[in-house]
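Under the working numbering, the first residue of the sequence shown is numbered 1072, with each subsequent residue one higher.
Careful, some of the hints might be misleading.
[Said to hold, decoys possible] So the derived label-pair ranges between C-beta atoms look like this: (1) S1097 - Y1126: 39 to 47 Å; (2) I1093 - S1124: 43 to 51 Å; (3) F1115 - G1140: 42 to 50 Å; (4) T1144 - D1120: 46 to 54 Å; (5) F1129 - A1100: 42 to 50 Å; (6) A1107 - F1081: 56 to 64 Å; (7) L1112 - Y1080: 27 to 35 Å; (8) V1114 - A1136: 35 to 43 Å; (9) S1128 - N1091: 16 to 24 Å.
Bear in mind the hints are in silico, worked out from the structure with no lab data behind them. Just so you know, even glycine gets a beta-carbon here, dropped at the ideal spot from N, CA and C.
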Amino acid sequence: MNFLFAWRYFKAKKTTNAINIIAWISIVAMLFGTAALILVLSVFNGFEDLVKSLYSSFYPDLKIAAASGKQLTLTA
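Please take these sequences and the hints and turn them into a complete structure.
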């Protein structure tokens, strides 16, 4: 129902008055804002995968540690 009202509003007059210009500017601004948000979220998702792959080399899947007794400490 709302789409029909909007469709009639945008297709009603062929004259360019201030309300039509402002409406089209706001639609274009919302389009660019949405596109920028999708782009930023996609880039951050790629950075997340990159950081996870870098940190996975520091944290091994299996860690062997002595349960009791002497432990080996490495000094540089």
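Would you pick out the hints that fail for this structure and give their numbers low to high?
-> 4, 6, 9
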